[in-house]
Amino acid sequence: DAGITQSPRYKITETGRQVTLMCHQTWSHSYMFWYRQDLGHGLRLIYYSAAADITDKGEVPDGYVVSRSKTENFPLTLESATRSQTSVYFCASSLTSGGQETQYFGPGTRLLVL
Amino acid sequence: RKEVEQDPGPFNVPEGATVAFNCTYSNSASQSFFWYRQDCRKEPKLLMSVYSSGNEDGRFTAQLNRASQYISLLIRDSKLSDSATYLCVVNIITGTSYGKLTFGQGTILTVHP
Numbered sequence: 059d060a061g062i063t064q065s066p067r068y069k070i071t072e073t074g075r076q077v078t079l080m081c082h083q084t085w086s087h088s089y090m091f092w093y094r095q096d097l098g099h100g101l102r103l104i105y106y107s108a109a110a111d112i113t114d115k116g117e118v119p120d121g122y123v124v125s126r127s128k129t130e131n132f133p134l135t136l137e138s139a140t141r142s143q144t145s146v147y148f149c150a151s152s153l154t155s156g157g158q159e160t161q162y163f164g165p166g167t168r169l170l171v172l
Numbered sequence: 046r047k048e049v050e051q052d053p054g055p056f057n058v059p060e061g062a063t064v065a066f067n068c069t070y071s072n073s074a075s076q077s078f079f080w081y082r083q084d085c086r087k088e089p090k091l092l093m094s095v096y097s098s099g100n101e102d103g104r105f106t107a108q109l110n111r112a113s114q115y116i117s118l119l120i121r122d123s124k125l126s127d128s129a130t131y132l133c134v135v136n137i138i139t140g141t142s143y144g145k146l147t148f149g150q151g152t153i154l155t156v157h158p
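Here the protein sequences come in this chain order: A and B. The opening position of the first sequence corresponds to residue 59 in the working numbering, with each subsequent residue numbered one higher. The opening position of the second sequence corresponds to residue 46 in the working numbering, with each subsequent residue numbered one higher.
Hints listed in this document are in silico derivations from the structure and should not be mistaken for laboratory results. Beta carbons: idealized from backbone N, C-alpha and C, even for Gly. There may be inaccurate statements among the hints.
What the hints assert, rightly or not - Heads up, simulated DSS-like pairs for lysine-lysine below, C-alpha to C-alpha not over 27 Å straight-line:
hint: 1; chain 1: A; residue 1: LYS115; chain 2: B; residue 2: LYS87
hint: 2; chain 1: B; residue 1: LYS47; chain 2: B; residue 2: LYS124
hint: 3; chain 1: A; residue 1: LYS115; chain 2: B; residue 2: LYS90
hint: 4; chain 1: B; residue 1: LYS87; chain 2: A; residue 2: LYS69
What the hints assert, rightly or not - Derived Cβ-Cβ restraints for the label pairs, each shown as a range:
hint: 5; chain 1: B; residue 1: ALA74; chain 2: A; residue 2: PRO66; range: 47 to 53 Å
hint: 6; chain 1: A; residue 1: THR144; chain 2: B; residue 2: PRO158; range: 31 to 37 Å
hint: 7; chain 1: B; residue 1: LYS124; chain 2: A; residue 2: GLN76; range: 44 to 50 Å
hint: 8; chain 1: A; residue 1: ALA109; chain 2: B; residue 2: TYR96; range: 24 to 30 Å
hint: 9; chain 1: B; residue 1: GLY103; chain 2: A; residue 2: PRO165; range: 23 to 29 Å
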């Protein structure tokens with residue numbers, strides 16, 4: 059059982075390039091999330107999705123685009139990467155969104171924008 | 046003011062020590078509370094949920110004080126393997142929005158021999 063996976067695990071790109079980070083989960087969880095983690099800020103929500111074809115903005119959505127055509131996949135695209143988007147990106151999923159529901163995180167993607 | 050605030054530490058304690066972390070949250074609409082653990086360069090993982098009556102899981106005890114908007118985590122008999130960053134997490138449900146997890150910056154714990 060693979061759980062939740064992310065690819066690539068490490069990525070170096072240049073300013074202005076488009077980058078897509080992939081997230082795949084095998085649990086058929088309804089909810090999926092993208093976070094970025096930076097020193098001094100902790101984990102901040104970029105986008106989330108309640109189900110296939112339903113997405114919404116989180117705390118820091120500018121410069122990012124998401125899609126969810128299938129329940130198991132939730133790719134995150136940086137349309138034109140900037141240095142400020144250098145970060146560690148975590149994808150997460152949960153069965154529901156309320157109460158004591160646990161979010162399960164992928165291993166993360168470390169992105170460096172030069 | 047941050048929605049969830051933690052003392053970043055670091056806390057450096059010897060094996061066998063008892064250590065306590067505190068966390069405050071600002072949004073009174075917060076409904077669920079958690080402690081996550083994050084090892085260096087790894088993903089966060091749920092350590093334990095925090096219930097109103099307080100709860101214990103082995104060496105770990107979590108407390109919630111809704112009146113003061115305060116959460117705590119107590120670790121007894123610290124092990125080397127407890128060295129990690131501990132994230133205070135609050136689930137805020139407002140209006141029709143989904144339950145949004147808000148993370149504190151984390152408290153770094155190092156347990157030394």
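Hint-by-hint comparison with the structure:
The hinted pair formed by LYS115(A) and LYS87(B) meets the criterion: a straight-line CA distance of about 25 Å does not exceed 27 Å. Among the hinted pairs, LYS47(B) with LYS124(B) is inconsistent with the structure: their alpha-carbon atoms are about 31 Å apart, more than 27 Å. For the hint linking LYS115(A) to LYS90(B), the alpha-carbon distance of about 23 Å falls within 27 Å, and the restraint holds. Between LYS87(B) and LYS69(A), the direct Cα distance comes to roughly 16 Å. Compliance with the 27 Å bound is thereby established for this hinted pair.
A hinted range of 47 to 53 Å for the beta carbons of ALA74(B) and PRO66(A) is inconsistent with their spacing of about 38 Å. Distance hint check: the CB atoms of THR144(A) and PRO158(B) are about 36 Å apart, consistent with the given range 31 to 37 Å. Roughly 45 Å separates the CB atoms of LYS124(B) and GLN76(A), a value that falls within the hinted 44 to 50 Å. Checking the proposed 24 to 30 Å range against ALA109(A) and TYR96(B) shows it holds: the Cβ atoms sit about 29 Å from each other.
Separation of GLY103(B) from PRO165(A) is about 26 Å and conforms to the stated range, judged on CB atoms against 23 to 29 Å.
In this structure, the hints that do not hold are numbers 2, 5, in rising order.
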